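Going down the list, the protein sequences come from chains A and B.
Quick note on numbering that gives the first Met the number 0: the first sequence kicks off at 0 and runs consecutively.
Quick note on numbering that gives the first Met the number 0: the second sequence kicks off at 0 and runs consecutively.
There may be inaccurate statements among the hints.
Calculated Cβ distances over 10 Å to all of chain B for the following chain A residues [what the hints assert, rightly or not]:
#: 1; residue: E14
#: 2; residue: R23
#: 3; residue: F41
#: 4; residue: N49
#: 5; residue: N52
#: 6; residue: L64
#: 7; residue: A67
#: 8; residue: A84
#: 9; residue: L86
Under the rule of at most 27 Å between Cα atoms (straight-line distance), these lysine-lysine pairs were calculated in the DSS-like manner [as the list claims (entries may be wrong)]:
#: 10; chain 1: B; residue 1: K70; chain 2: B; residue 2: K19
#: 11; chain 1: B; residue 1: K19; chain 2: A; residue 2: K13
#: 12; chain 1: A; residue 1: K19; chain 2: B; residue 2: K70
#: 13; chain 1: B; residue 1: K70; chain 2: A; residue 2: K13
Calculated directly from the structure, the hints in this document are not laboratory data.
In this text, all values refer to a predicted model and were calculated from it rather than measured experimentally.
For each residue, glycine too, the CB sits at the ideal point set by N, CA and C.
Here is what each chain is made of, one letter per residue.
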Amino acid sequence: MTNPRNNPKGFWHKEQNLTKISGRWDITGVAGVVDNVVGHGFTVARDAANAGNYIITFTDGFACLLQAQANVIADSGGGAIDLYAQLGAFTPGASGACTLVVRTKAIGVSTDPTATDGVCFEATLYGEDLEGY
Amino acid sequence: MGTPRNNIKGYYHRERNPVKIMGSFALSAAGTLDVDTIQGRGFTITVVPPAVDGRYSLAFDDAYSRLISSKVTMQCAADNVDMYAQAGTFTPGAAATVILRSMTGAVETDMPVNDRMNFEFTLYGEALDA
Numbered sequence: 000m001t002n003p004r005n006n007p008k009g010f011w012h013k014e015q016n017l018t019k020i021s022g023r024w025d026i027t028g029v030a031g032v033v034d035n036v037v038g039h040g041f042t043v044a045r046d047a048a049n050a051g052n053y054i055i056t057f058t059d060g061f062a063c064l065l066q067a068q069a070n071v072i073a074d075s076g077g078g079a080i081d082l083y084a085q086l087g088a089f090t091p092g093a094s095g096a097c098t099l100v101v102r103t104k105a106i107g108v109s110t111d112p113t114a115t116d117g118v119c120f121e122a123t124l125y126g127e128d129l130e131g132y
Numbered sequence: 000m001g002t003p004r005n006n007i008k009g010y011y012h013r014e015r016n017p018v019k020i021m022g023s024f025a026l027s028a029a030g031t032l033d034v035d036t037i038q039g040r041g042f043t044i045t046v047v048p049p050a051v052d053g054r055y056s057l058a059f060d061d062a063y064s065r066l067i068s069s070k071v072t073m074q075c076a077a078d079n080v081d082m083y084a085q086a087g088t089f090t091p092g093a094a095a096t097v098i099l100r101s102m103t104g105a106v107e108t109d110m111p112v113n114d115r116m117n118f119e120f121t122l123y124g125e126a127l128d129a
């Protein structure tokens, strides 16, 4: 071992000016109706025309999605919920116009989680390029 | 409520010196990586040839001793694609690698062209300074 680098406590990565937006929502009542949204920097609503499609609208403008992750929180079903999360289209844009679709899928069919289940996500985005918007 | 701590804006966590490597990639044709649309830094991606569909090898640019966590998610344009992403074997060392898979059920399957696999790895690297 060489001398320690004495790096400050924290993550190191190779990018500059990234933004992390992470959050979660629950389905507490009717399937498809978003409730208990946790996190900052976004709003979320179920696509009225497409079950299992949730549209995240970012509060700020972002130019590019570096990567995003999403998971289903299966609180119901006792381990028998066949549902996974998948990302859909990312639309870059200015504040309030930048969106990311998160889907909850049962095999190949987008399906709303049942009540008491939820969805969580974490998106890593480039925002710096949008200063000129 | 106590007195505000006036913490700086940012994440707090319990680790020292972990590294985040994250990005996404797509195929331009079946079994062919779309090198022009790779997002992220600190790695190279290759399609594992030739007989295994849906398997990709990610080689890290730097050395890493241990994988703390990995997250992978598929991003599909169509709403009817039955596919999820799965992480495979992590090999530590100066030439650290990890396997990624696009899966339909329990079968490795090539991603549809232009759909993307997103990934985020958290790794320890400091111990490999020597």
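Here is how each hint holds up against the structure:
1. For E14(A), the shortest C-beta to C-beta distance to chain B comes to about 6 Å, within the 10 Å cut-off, and the non-interface label is violated.
2. For R23(A), the shortest C-beta to C-beta distance to chain B comes to about 15 Å, beyond the 10 Å cut-off, and the non-interface label holds.
3. No beta-carbon of chain B comes within 10 Å of the beta-carbon of F41(A); the shortest separation is about 17 Å.
4. The Cβ of N49(A) does not lie farther than 10 Å from every Cβ of chain B; its closest approach is about 7 Å, which violates its non-interface assignment.
5. Chain B draws N52(A) into its interface by the beta-carbon criterion, the shortest separation being 7 Å against a cut-off of 10 Å.
6. Residue-level check failed: L64(A) sits 8 Å from the nearest beta carbon of chain B, not beyond 10 Å.
7. Interface exclusion of A67(A) from chain B breaks down, the closest Cβ pair being 5 Å apart, not more than 10 Å.
8. A84(A), annotated as away from the interface, has a beta carbon of chain B within 10 Å; the closest lies near 7 Å.
9. At roughly 4 Å, the least C-beta separation between L86(A) and chain B is not larger than 10 Å, which violates its mark as non-interface.
10. Annotation: proposed proximity of K70(B) to K19(B) holds, straight-line Cα distance about 11 Å (limit 27 Å).
11. The straight-line distance between the Cα atoms of K19(B) and K13(A) is roughly 8 Å, inside the 27 Å bound, and the hint therefore holds.
12. Using a Cα cut-off of 27 Å, the hinted pair K19(A) and K70(B) holds, with the two alpha carbons roughly 15 Å apart.
13. Annotation: proposed proximity of K70(B) to K13(A) holds, straight-line Cα distance about 18 Å (limit 27 Å).
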